[in-house]
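J.: Chain residues, written in single-letter form:
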Amino acid sequence: MDTFNKVADYQDVQPLFFDGMTLLFGGFGGVGTPPTLVDCLIESGVKDVHLIGNDAGFPWIGIGKFVCLKRAVSLIASHIGSNPVAGQLMHDGALNVEFSPQGILNERIRSGGVGLNGFLTEIGKGTVLAENKPIVNIDGKEYLYESPLTGDVGIIYARKADTFGNLVFDKTARNNNPLIAMAAKITIAEVEEIVEMGALDPEEIIVPGAYVKYVVPTKGINWKWIWEIQGK
Amino acid sequence: MDMGDSRQIIAKRAAQEIVTGMTVNLGIGIPSLIPDYIDPSTKVFFHAENGLLGLGPTPAENPDWALSNAAGYPVSIVNGGSYFDSALSFGMIRSGRIDLAVLGSLQVSRDGDLANWIVPGKRVPGVGGAMELAFGAKRLIALMQHCEKNGKPKIVTTCTLPLTATGCVKRVITEMAVFDIDKSGLTLIEVMPGFTVSDIRNHTEADFNIAEKIKETND
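Keeping their order, the protein sequence lines are chains A and B. For the first sequence, counting from 1, position 83 maps to 83 in the numbering used here; every step adds exactly one. For the second sequence, counting from 1, position 185 maps to 185 in the numbering used here; every step adds exactly one.
One or more of the hints may lead you astray.
As a list, the in silico DSS-like pairs of lysine-lysine whose alpha-carbon atoms are at most 30 Å apart [claimed, not checked]:
id	chain 1	residue 1	chain 2	residue 2
1	B	152	B	43
2	B	43	A	125
3	B	43	A	141
4	B	43	A	171
5	A	70	B	43
6	B	183	A	47
7	B	122	A	141
8	A	133	B	152
9	A	141	B	170
10	A	224	B	43
11	A	141	B	152
12	B	138	A	125
13	A	125	B	170
14	A	160	A	171
15	A	171	B	183
16	B	215	A	125
17	A	133	B	43
Hints in this document: simulated from the structure, not taken from any laboratory.
Based on the provided sequences and hints, a complete structural model is requested.
T.: Shown next, in the form of structure tokens:
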């Protein structure tokens, strides 16, 4: 792989997915989840996948499409309310779901991506989400310890990349994508536009290319958003 | 009063809590109805936890999927608005940069405990950003219909549902009443049109004080 030309095809990146891997995925309700990489993941046939991301998408949107195939064994997320199939799988014991408060989840991913060993917080104290978490007492005050998260592969979506993998995002489709990019051992960025190095203003780059292994061109959103389906 | 009406009534009353200069986060459910009732001269910045400060109305045409609110619906961005990643978005919440959070609720206790994310055995949607909004916002207002569909009160002595956060709710607005919560517990501060103090008493499990101004009008 050429450090300065990370542009790849889907057939190049598909073998990076493997049974039992931990997969970090970008997106918030499917917004900012890479559509072509999700299809590539599905077509790879991998199973027993441990997923980490904000939510379970919708059954036909984002990572939800993969979740519905029952090839994920666990999911760490902040909510699954938009994907009833995920709720059913959890209820049936087919999907082990760990809920993490949304910002804490993001900070755990960030912690993993910036070489830190977790952090302390008061969020979640006195709730069921505090169960089984170490409690640290500092100067008489109790905090929950939150562990860092990393993954084998991260799939993210960006507006633009240069060939080094410097990334520029698209409005609220940025969400947790920069954090996922940092926390995965191998980050694959699906992008709308690929430009030469030097074409991006260094001030606009949100994720430096050092965090990105592969850049693949998107084939575009291939699902209907909920607001497109609900009658206008 | 049907459910739809009561939701609108609650949202309309809640809109009065929002004043010029505030940074506000509105949760899903009833809080999302509030913008329709805010006076257009009120200038506020809405925060959306998916990474937007300065959320504007739904565009009349050409919706952009990449510019959405936390429920995934297309919105716009106002002048001075900004985009940021999810870690920063919640950093803003936890560190007290949100003046007011308005959240839908399942139960609120006399001490301001909030339960709004899980009904064990029934709905297990997950907590989303509610714990951090409850903990970090400078002021938290909970909105809900006064009772469950079966008539069971939702303002309780102790929450029976799993908590979102303890002692965080400062005000509760329902279609029947507005309560403030402080160290002395619950205080009824407003009786909504069509109801009496005795109606509220009969539909509220927790004990509550009654503000002087209400005592005067109801005695």
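J.: Now tell me, hint by hint, if it's right for this structure.
T.: Quick rundown of the hints versus the structure:
Straight-line distance between C-alpha atoms of residue 152/B and residue 43/B comes to about 38 Å, which puts the hinted pair past the 30 Å bound. As the CA atoms of residue 43/B and residue 125/A are separated by approximately 35 Å, the hinted pair breaks the 30 Å bound. With a CA separation close to 39 Å, the supplied pair residue 43/B and residue 141/A exceeds the 30 Å bound. Proposed proximity of residue 43/B and residue 171/A is supported: the alpha carbons are some 22 Å apart, at most 30 Å.
Between residue 70/A and residue 43/B, the direct Cα distance comes to roughly 47 Å. Violation of the 30 Å bound is thereby established for this hinted pair. For the hint linking residue 183/B to residue 47/A, the alpha-carbon distance of about 53 Å lies beyond 30 Å, and the restraint is violated. As the CA atoms of residue 122/B and residue 141/A are separated by approximately 35 Å, the hinted pair breaks the 30 Å bound. About 34 Å separates the Cα atoms of residue 133/A and residue 152/B, which puts this hinted pair outside 30 Å; it is violated.
Annotation: proposed proximity of residue 141/A to residue 170/B holds, straight-line Cα distance about 23 Å (limit 30 Å). Distance check on the hinted pair: residue 224/A and residue 43/B sit about 34 Å apart at the alpha-carbon level, beyond 30 Å; violated. Distance hint between residue 141/A and residue 152/B is unfulfilled; the C-alpha atoms sit about 37 Å from each other, more than 30 Å. Restraint check for residue 138/B and residue 125/A: the C-alpha separation of about 18 Å stays at or below 30 Å, so the hint holds.
Restraint check: the Cα-Cα separation between residue 125/A and residue 170/B comes to about 19 Å, which is no more than 30 Å; the hinted pair holds. A C-alpha spacing of about 12 Å is found between residue 160/A and residue 171/A, which places the hinted pair at or below 30 Å, so the restraint holds. A distance of roughly 42 Å separates the Cα atoms of residue 171/A and residue 183/B; the hinted pair therefore is violated under the 30 Å criterion. The suggested pairing of residue 215/B with residue 125/A is violated, with an alpha-carbon distance near 38 Å, which exceeds 30 Å.
A C-alpha spacing of about 42 Å is found between residue 133/A and residue 43/B, which places the hinted pair above 30 Å, so the restraint is violated.
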